[in-house]
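A.B. asks: Based on the hints, put chain B with the ligands in the right spot on chain A.
Below are the chains, spelled out letter by letter.
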Amino acid sequence: MTADPSALPAPEHAHLEGGGGAWRLSGALTVRSVSAVAEALENAQGELDLSGLTRLDTAGAYLLQRHAASLRLHGAQADHAALLERVASSMPQPPEASQTPFSFVQILDRTGRMVAGAGRFLVEITAMLGVFFERLGQIARHPGKLPMTALVHHADQVGWRAIPIVSLMSFLIGVVLAFQGAVQLRQFGAEIFVVDLIAISILRELGILLTAIIVAGRTASSFTAAIGSMKMREEIDAMRTLAIDPALVLFVPRILALLITLPILGAVANFMGLFGGALMSWIELGISPPVFLSRLIAETGTDHVMVGFVKAPVFAIIIGVIGCHAGMQVGGNAESLGAQTSSAVVRAIFAVIVADALFSIFFAMMDI
Amino acid sequence: MAREVVIKLRGISNVFGTHAVHENLDLDVYRGEVLGVVGGSGTGKSVLLRCIAGLRPPQAGSIEIFGQDALNCSEAERREIDQRMGVMFQDGALFSSLTVRENVEVPLRTIDGLTPALRRELADLKIAMSGLPYKAGDNYPSELSGGMRKRAGLARALALDPEIVFLDEPTAGLDPIGASAFDELIRGLSQAMGLTVFMVTHDLDSLHACCDRIAVLADKRVKYTGTMEEMLKIDHPWVHEYFHGPRARAAIATKEKAL
Ligand SMILES: Nc1ncnc2c1ncn2[C@@H]1O[C@H](COP(=O)(O)OP(=O)(O)OP(=O)(O)O)[C@@H](O)[C@H]1O
Ligand SMILES: [Mg+2]
Numbered sequence: 001m002t003a004d005p006s007a008l009p010a011p012e013h014a015h016l017e018g019g020g021g022a023w024r025l026s027g028a029l030t031v032r033s034v035s036a037v038a039e040a041l042e043n044a045q046g047e048l049d050l051s052g053l054t055r056l057d058t059a060g061a062y063l064l065q066r067h068a069a070s071l072r073l074h075g076a077q078a079d080h081a082a083l084l085e086r087v088a089s090s091m092p093q094p095p096e097a098s099q100t101p102f103s104f105v106q107i108l109d110r111t112g113r114m115v116a117g118a119g120r121f122l123v124e125i126t127a128m129l130g131v132f133f134e135r136l137g138q139i140a141r142h143p144g145k146l147p148m149t150a151l152v153h154h155a156d157q158v159g160w161r162a163i164p165i166v167s168l169m170s171f172l173i174g175v176v177l178a179f180q181g182a183v184q185l186r187q188f189g190a191e192i193f194v195v196d197l198i199a200i201s202i203l204r205e206l207g208i209l210l211t212a213i214i215v216a217g218r219t220a221s222s223f224t225a226a227i228g229s230m231k232m233r234e235e236i237d238a239m240r241t242l243a244i245d246p247a248l249v250l251f252v253p254r255i256l257a258l259l260i261t262l263p264i265l266g267a268v269a270n271f272m273g274l275f276g277g278a279l280m281s282w283i284e285l286g287i288s289p290p291v292f293l294s295r296l297i298a299e300t301g302t303d304h305v306m307v308g309f310v311k312a313p314v315f316a317i318i319i320g321v322i323g324c325h326a327g328m329q330v331g332g333n334a335e336s337l338g339a340q341t342s343s344a345v346v347r348a349i350f351a352v353i354v355a356d357a358l359f360s361i362f363f364a365m366m367d368i
Numbered sequence: 001m002a003r004e005v006v007i008k009l010r011g012i013s014n015v016f017g018t019h020a021v022h023e024n025l026d027l028d029v030y031r032g033e034v035l036g037v038v039g040g041s042g043t044g045k046s047v048l049l050r051c052i053a054g055l056r057p058p059q060a061g062s063i064e065i066f067g068q069d070a071l072n073c074s075e076a077e078r079r080e081i082d083q084r085m086g087v088m089f090q091d092g093a094l095f096s097s098l099t100v101r102e103n104v105e106v107p108l109r110t111i112d113g114l115t116p117a118l119r120r121e122l123a124d125l126k127i128a129m130s131g132l133p134y135k136a137g138d139n140y141p142s143e144l145s146g147g148m149r150k151r152a153g154l155a156r157a158l159a160l161d162p163e164i165v166f167l168d169e170p171t172a173g174l175d176p177i178g179a180s181a182f183d184e185l186i187r188g189l190s191q192a193m194g195l196t197v198f199m200v201t202h203d204l205d206s207l208h209a210c211c212d213r214i215a216v217l218a219d220k221r222v223k224y225t226g227t228m229e230e231m232l233k234i235d236h237p238w239v240h241e242y243f244h245g246p247r248a249r250a251a252i253a254t255k256e257k258a259l
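From first to last, the protein sequence lines stand for chains A and B.
Per our numbering, the first sequence runs over residues 1 to 368.
Per our numbering, the second sequence runs over residues 1 to 259.
Next comes chain A alone, as it looks inside the complex (with noise of 0.2 Å):
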């Protein structure tokens, strides 16, 4: 073996000299040389002696290989002769590329792809749903399957976790309204007006929409990504195999632990924003606590709160459902799992602002 023991970081040279139909080739021809000498070479023709050269390594052999039909290579020690052989067997065969021509027939594929595409998610967002309240009634039937300490460890994830950060979102949403309705409402003498301007917007819609517009960026990322690198490991098959139903034991406590908490982040979410409003009110417009809490108590009727309450439980479900399914779509990279959790949350917050709009609508129509 006559490989070359001298330190690699050395510059690496090869030169080729000649001309006509004899040229030489000495140096190292390595990985870090060949691009030097691969556009001298384009235009050798004849012999090329390789007795010169000190080093070969694959780039190097497979760069002359290419331009073996146009060089005859001579003079090459045994163990480059070997490796020039060894490259020359294995030389990729590149199939005849065949280039499909952009048209209009490709866009008019992709249109139809896209809206099959949303066709399909809304399918499968259904179905999803279908499973889960399947697997819901089983346990109704079965409580003993119902999978206890998932849903525990998922509510202290999902609820108890999130608490600092709505609390402190709700406060401050409550300190703003305030403030600013102080700006207004003063220029009518109508201070105390601005209770109710606190207590039916929050009550009503800001409490629970922030609240699970929190949660939406929160969880259904965390739900896509977590189910998503267990299917991207295989280990959502395993369970399959296993006689497991990944419904059971993924989804249910998930989304069940949405369905509880998200209620009680919601009360949370109001408590909070009725205190910051209230402390505001107190130092800018000098109404004090009891005074703010009498009248919250006397011109603020309870449909308020149980018309934001109603939608707790259908953002949980929304929620949840689209965080699962995108963690079931994940495929076997990386890069897909990025993608799908970015999505889930996108589509989380629409289809909560979506629903939480059709809320509004209905709510009108029945004058509630």
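Please keep in mind that the hints were generated in silico from the structure rather than gathered at the bench.
C-beta atoms are modelled at their ideal positions from N, C-alpha and C, and glycine is treated no differently.
A few of these clues could be false.
[Said to hold, decoys possible] Listed next, the stretches of chain A that the computed footprint assigns to chain B, with coverage defined by at least 3 CB atoms under 8 Å from CB atoms of chain B:
hint, stretch
1, 23-32
2, 51-60
3, 76-86
4, 209-221
[What the hints assert, rightly or not] Derived Cβ-Cβ restraints for the label pairs, each shown as a range:
hint, chain 1, residue 1, chain 2, residue 2, range
5, A, 283, B, 79, 56 to 66 Å
6, A, 360, B, 117, 58 to 68 Å
7, A, 260, B, 11, 50 to 60 Å
8, A, 313, B, 79, 48 to 58 Å
9, A, 109, B, 253, 56 to 66 Å
10, B, 253, A, 89, 23 to 33 Å
11, B, 219, A, 165, 46 to 56 Å
12, B, 110, A, 142, 51 to 61 Å
13, A, 118, B, 134, 32 to 42 Å
14, B, 93, A, 118, 49 to 59 Å
15, A, 24, B, 20, 55 to 65 Å
16, A, 47, B, 134, 30 to 40 Å
C.D. replies: Same frame as chain A, but now just chain B with the ligands:
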């Protein structure tokens, strides 16, 4: 002829919590040889490989690669060493969001002046050399079989024509024909380019077909090193069982038939 030592391990210890995997381990790897590393499951072959490849510093001991201290060197020096080594992981460790060809191109991108076309062709060459069909280059790792992923892992490890390659169970999961082609490939590359191969394997046929020397990991150290013939004479119970068990006899028989 004094052979050049390319990897020199002295007094290596690797400990996970209270569980010592290696204690005071010594090993020399010579230039141009194919070293087979054997040992029972969990004896720390993969850990040793990660240790030499610089992925996990040992708790104690020294590692010299190409005569350079690999543990106490600057980052630039370490990168230089890394460029001269290639690693093929036990489960491929391909980048899942790149095609096989792009995976092989990743190390080639570190070379200045290589045109994209040439880079692509070199990647195709490495893919072909590791025994994959041309169109596998366009596939993503998740679209390949386990054995094909191994080959793609090898193609990436060989992309820069390293001086040392580390192979973690290269033939596990390959069909017997593919496995012997693999052995031959390793053997051929080692002869043609003076490639040094550090190969963790359980495949007795591979050990017979392509290893110059075998190192046995047992009792937290490299207990024995030597040629296949020397291994057959050792009477340590595990080593004896390993090289004389029913599978070993079958491997010896095929080897004799081949001669
Ligand atoms: N990150 C880690 N944390 C804790 N222990 C580890 C870690 N990595 C490896 N080990 C332990 O080190 C020991 C050796 O592991 P290693 O993967 O090197 O085994 P191996 O010899 O390669 O086995 P196999 O032949 O099955 O691949 C095992 O007991 C393993 O539990
Ligand atoms: Mg291992």
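A.B. asks: Now tell me, hint by hint, if it's right for this structure.
C.D. replies: Tested hints:
1. 23-32: Since 3 is at least three, the answer is holds.
2. 51-60: holds (count 3)
3. 76-86: Coverage by chain B holds here, the residue count being 4 at a Cβ distance below 8 Å.
4. 209-221: Violated, because only 0 residues of the stretch 209-221 of chain A bring their Cβ atoms closer than 8 Å to Cβ atoms of chain B.
5. A:283 / B:79: 56 to 66 Å: Holds - the Cβ-Cβ distance for residue 283 of chain A and residue 79 of chain B, about 60 Å, lies within 56 to 66 Å.
6. A:360 / B:117: 58 to 68 Å: Holds - the Cβ-Cβ distance for residue 360 of chain A and residue 117 of chain B, about 59 Å, lies within 58 to 68 Å.
7. A:260 / B:11: 50 to 60 Å: 57 Å, holds
8. A:313 / B:79: 48 to 58 Å: 56 Å, holds
9. A:109 / B:253: 56 to 66 Å: 59 Å, holds
10. B:253 / A:89: 23 to 33 Å: Because 29 Å falls inside the window, the suggested range holds.
11. B:219 / A:165: 46 to 56 Å: 54 Å, holds
12. B:110 / A:142: 51 to 61 Å: 59 Å Cβ-Cβ, so the 51 to 61 Å window holds.
13. A:118 / B:134: 32 to 42 Å: Holds - the Cβ-Cβ distance for residue 118 of chain A and residue 134 of chain B, about 37 Å, lies within 32 to 42 Å.
14. B:93 / A:118: 49 to 59 Å: 36 Å, violated
15. A:24 / B:20: 55 to 65 Å: 58 Å, holds
16. A:47 / B:134: 30 to 40 Å: 31 Å, holds
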